Amino acid sequence: MLILKPREEGSRLMLWLSPFFAVFVMWVFGGVMFWVLGLPVLEGLGVFFLDPLLSLRGWSELLLKAIPLALCGLGLSFGFRAGIWNIGAEGQLLMGALGGSVVALYFYEVEGFWVLVLVLLGGVLGGMLWGLIPALLKTWSGASEILTSLMLTYVAGLFLSAMVHGPLRDPDGYNFPESRLFSDSSLVPILWEGTRLHWGFVVMLVLAFLLWLVMSRHRLGYWMNVCGGSSRAALYAGVDPKKMVVISFLISGGFAGLAGAFEVSGSLGQLVPVVSPGYGFTGIIVAFLGGLHPLGVVVGSLVLSLTYIGGENAQIAMNMPSAVTGVFQGALLLFLLACRTLESYRLVWRR
Amino acid sequence: MEEILISGLVTIVTASCPLIFAGVGEVVTERSGVLNLGVEGMMAMGAVGGFAVAHISGSADLGLLASIVCGMLLSLLFGFFTQYLLINQVVSGLSLTIFGLGLSALIGRDFVGFSGLGFPSLFPDFLRDIPVLGRVLFDYNYVVYLSLLSPFLVSWFLFKTRAGIVVRATGDNAEAAHSLGIRVVKVRMLSIMFGGGMAGLGGGYLSVIYTPLWVENMVAGRGWVALALVVFAAWRPILVLWGALLFGGIAIIQLNVQAFGLGIQAQYMTMFPYLATVLVLVVMSKRSIFQKSPRSLGRLFFAD
Chain X
1 MLILKPREEG SRLMLWLSPF FAVFVMWVFG GVMFWVLGLP VLEGLGVFFL DPLLSLRGWS
61 ELLLKAIPLA LCGLGLSFGF RAGIWNIGAE GQLLMGALGG SVVALYFYEV EGFWVLVLVL
121 LGGVLGGMLW GLIPALLKTW SGASEILTSL MLTYVAGLFL SAMVHGPLRD PDGYNFPESR
181 LFSDSSLVPI LWEGTRLHWG FVVMLVLAFL LWLVMSRHRL GYWMNVCGGS SRAALYAGVD
241 PKKMVVISFL ISGGFAGLAG AFEVSGSLGQ LVPVVSPGYG FTGIIVAFLG GLHPLGVVVG
301 SLVLSLTYIG GENAQIAMNM PSAVTGVFQG ALLLFLLACR TLESYRLVWR R
Chain H
352 MEEILISGLV TIVTASCPLI FAGVGEVVTE RSGVLNLGVE GMMAMGAVGG FAVAHISGSA
412 DLGLLASIVC GMLLSLLFGF FTQYLLINQV VSGLSLTIFG LGLSALIGRD FVGFSGLGFP
472 SLFPDFLRDI PVLGRVLFDY NYVVYLSLLS PFLVSWFLFK TRAGIVVRAT GDNAEAAHSL
532 GIRVVKVRML SIMFGGGMAG LGGGYLSVIY TPLWVENMVA GRGWVALALV VFAAWRPILV
592 LWGALLFGGI AIIQLNVQAF GLGIQAQYMT MFPYLATVLV LVVMSKRSIF QKSPRSLGRL
652 FFAD
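From first to last, the protein sequence lines stand for chains X and H. Reminder that position 337 of the first sequence reads as 337 in my numbering, one-by-one numbering, no gaps. In short: position in the second sequence from 1, add 351, done, that's my numbering.
Hints are computed from structural coordinates only; laboratory data are not their basis. Values in this document were obtained by computation on a predicted structure and should not be read as measured data. There could be a bad hint or two in this list.
Said to hold, decoys possible - FRET-style restraints, in silico, Cβ to Cβ:
| no. | chain 1 | residue 1 | chain 2 | residue 2 | range |
| --- | --- | --- | --- | --- | --- |
| 1 | X | W199 | H | L413 | 44 to 50 Å |
| 2 | X | F21 | H | S530 | 33 to 39 Å |
| 3 | H | F431 | X | G31 | 19 to 25 Å |
| 4 | H | V634 | X | D240 | 50 to 56 Å |
| 5 | X | G38 | H | G409 | 45 to 51 Å |
| 6 | H | N524 | X | Y236 | 23 to 29 Å |
| 7 | H | S410 | X | F21 | 39 to 45 Å |
| 8 | H | L651 | X | E111 | 56 to 62 Å |
| 9 | H | A527 | X | V214 | 53 to 59 Å |
| 10 | H | V634 | X | L205 | 42 to 48 Å |
| 11 | H | D461 | X | Y236 | 56 to 62 Å |
We put the beta carbon where it would ideally sit given N, CA and C, even for glycine.
Let the hints inform the model, and build the full structure from the sequences given.
Written as structure tokens, this is what we have:
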């Protein structure tokens, strides 16, 4: 039978190939799924994965949705490399959206470029503070950051809902649970005329580059790798694991918070009850698809963005259920993990 | 007042059932040294599978059986990933949840808007007619009694039977268990499947009996609360029972306070169970005397 044998060293070839394998297997799986659902297989896959790439509008939407996905994935990849499991990026994103909105509404009548800067900083701060809670609980009491960060995501969603139904609701909005439309000075300028793509995309790319610098050149990156290796190694290397927990959560919370701020001040232009279709959770998949490497994460965000856009297309064109997107995303992560096994193990035939 | 207390007690018990099932199942999984974070996804699959089969077949019992099977199937996937492909348990569990939530929404889209079947109480009328006690003790269906009994059965299994010792040995020191001739992977696969079946049943209870209907995201974090309960219970099944009743109580009190309308926005009250979970996790983790987590928990085992 086939068995797994550990490799002496991780295979770099497999590290590069596995995401492509996984995406390919996801297509095959998607074809089977469409067949089971009684949908035309090739047409379904075409509408889902090809059509968005055939129009300029499709590309602009693809890049637009990639902004929050990449930001969440970037922040998470740092912590994941250090073995710290923040799975509450969704909550941090929502608090970032809230933080940004509070600033935008406070400076409603003020003009100037610095208002937008403050809005975005408000988002970063909101995400960081929300991420700081599970981090401090972990360092203070040892409570699992996985469970606390996830529980706080539910709390964040409810808090945002309370705010948008209450204090932040538009006074002239006929009781709709929406904030006022932000004034121009707190909106992110458009990058690509005629589309919705805004400058957040460029900011995301710059941040990805900076994160790559930190991960590969800065002491923090070294600490991150040591911590991810083993706690004993971290001890010998003089890295304080508690400090790493706090730093990781500040980074991932800040990135997710910025993603939230970009959503409200970029694509939405106001605070609404549903800010994100689960970008923070999908960010986990993005981080792993990108091999926890900033450059890979940016590419991975495009793939996951495609599943969102393709899902919307297929819903309109073929009346396909929107849940298909979620299945694709979950399946992609499963296949990716299965393929990643080949990175650290070899398949050997043994009788 | 008496009426409120009685109905409150009854609703607390029924609200705790899914947590008990899922929590007790996860205790066994974790006792074998495997951390399965996919409980939420397995519960969702159990809920949708159970409701679908009950709706199509017209039999609620068959639905519950299907929910067990659904949870187990999903847990098999997790077992394959973690025990044979040797993939990190945290990541595998997370992806199981993401996949399970997506797939359940896809399957469930044909079943939205239908209401479920009735589910009869176990005991005959004359017992239920006893004042107070009848309502509090005898007015449940058999699944509720099963859930109340399961912590004791599992506790007996884990601490009093040979098989239970094998499970615990596997979780405490997989390498030593292996050298004693215990087939670690097999023991863990079975424990994972038990956890999956129980989580599925918890989900099935929600959609077939408790609500009874299917809506997307109806599990609403109960799987994660169950995972927290395992920590709260220090990996002891009977403590899971008390923990689940406590959480059921918090959920019900919160709902009742909302109904009275104290002028607080409903969202703040709904937050309460989640905040309580965080609080409990922190308190239990701080008091390390209670912490007796299985020593091999979450670590991969590779024979050879």
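Please flag the earlier hints that this structure goes against, numbers listed from lowest up.
-> 1, 4, 5, 9
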